[in-house]
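Trainee: Please build the complete structure, drawing on both the sequences and the hints.
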Amino acid sequence: MAYTKDDVATHRSMNGLAVPLSDEERQAIADRWNQDAAGELAKRRAVEVEAKRGAALAALQDKVLASALLDPNAPQAVKDYAVELAKGTL
Amino acid sequence: MQPKPGFLGFPKPSPVSPIPGLVLLARGKVANVASLDVVMTEFTAYKNKKLKVNSISPVTAGGANLAAFVSANGGASYDSGAASYMYHDIGGSQSTSVSHTSGTDNSIFLASSVSAQGASIELEMLDTPNAEVNPKFFARVLYRDVSPNMISKLYQVSRLAAQKTDAVQIAFSGTNIASGTWELYGYN
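As they're listed, the protein sequences go chains A and U.
Just so we're aligned, residue 1 is where the first sequence starts under the numbering used here, counting upward by one.
Just so we're aligned, residue 91 is where the second sequence starts under the numbering used here, counting upward by one.
Rather than coming from a laboratory, the hints here were simulated on the basis of the structure.
One thing to keep in mind: the hints can contain errors.
Unchecked claim - Taking lysine to any residue pairs in the SDA-like style, the calculated list, with each CA pair at most 20 Å apart, reads:
(1) K140/U to P20/A
(2) K5/A to K142/U
(3) K5/A to A121/U
(4) K5/A to S170/U
(5) K119/U to A9/A
(6) K5/A to N122/U
(7) K140/U to A9/A
(8) K140/U to M14/A
(9) K142/U to P20/A
(10) K119/U to K5/A
Mentor: Spelled out as C-alpha cells, the structure:
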C-alpha cells in the first residue's frame, strides 16, 4: 500500500507549537515513507555489509593462494582450492 | 529588570553569557503530528545540546521506523539524502547478545518496529555552532518493539558535510507521532 498525503498528519510540532503542513509538504513526507517501505534503507545497508564481506573474503583467498603457492607442504585440498581460485572458477 | 520570558515562560537563556552546567533551554509535548522539530537558532551560546525525548509513540505501532534528521538552515529543510550520515551502532535486547552495524544512511536511524509504549531517546549534538567540521552526534535509545522485546541502542553518527547544526527533527516513517514529551538542554 502506497502512502499518500492523507496518511500524514496535517501539522508538525515546532518547538512545541503546531505548524500546519502544506499538501506538498505532506506529500513529500509520504514519498519518504514509501521509499523506506520499499526497503531502500535495508537494501543500502545490505549492500554495504556484502561489500565488506566480499573484501574480507578476497583478502582471505589471497592469503590461501599465496600460502599454497609458496609452501610445498601445503595440504592437497588447499592446493586444489588455490588452483580453482587461480582459474577464477570460485 | 526581569529577564524576558522565553519559550513557555522559561527565563530566556542569554545568547552572550551562557549559564554553566546543563541548562534547560526549551521543552514541550507532541500529539498527533507528523514530526517533532526543535529549532535551536537562538541557543548558539551553548556549544553542545542534549535533546531528551520521552516515550515518543507511533500512531500505528509495528512497522514504524524512528529517525532523526538535522538541519543547517534553522529547520527550513532537513538533511535526508542518501549517505548523508555515517554511523556505527551497538544494540541488543533482553534476549539477544550485542550486535554491531555500521555504514552510511539517510538519517540518524534510531529504532524500528516501535510499539505503542514508545521509545525514549537521548540525542547529544556536539559543537553545534561550528560550521567548519562535520557535525557529530551520540544517541542512546531504549524502547519496546512489537515482539515485544526491550531494545537498547547506542549510536555514534557523523554528518558527512561540514556545517552547523541549528535544528533537529524526529519522525517515524510510515506513521505519525501519537504522543511524547521532550526537553532540550545546552552545555559548554
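Trainee: If a hint holds in the structure, say so; if it does not, say that too.
Mentor: Hint by hint, here is what the structure shows:
1. K140/U to P20/A: 26 Å, violated
2. K5/A to K142/U: Roughly 29 Å between the alpha carbons, so the hint for K5/A and K142/U is violated.
3. K5/A to A121/U: Holds, at roughly 18 Å.
4. K5/A to S170/U: With Cα atoms ~19 Å apart, K5/A and S170/U stay inside 20 Å; holds.
5. K119/U to A9/A: 16 Å, holds
6. K5/A to N122/U: Between K5/A and N122/U the Cα gap is close to 15 Å, so the pair holds against 20 Å.
7. K140/U to A9/A: 27 Å, violated
8. K140/U to M14/A: Holds. K140/U to M14/A sits at ~17 Å (cutoff 20 Å).
9. K142/U to P20/A: 24 Å, violated
10. K119/U to K5/A: 24 Å, violated
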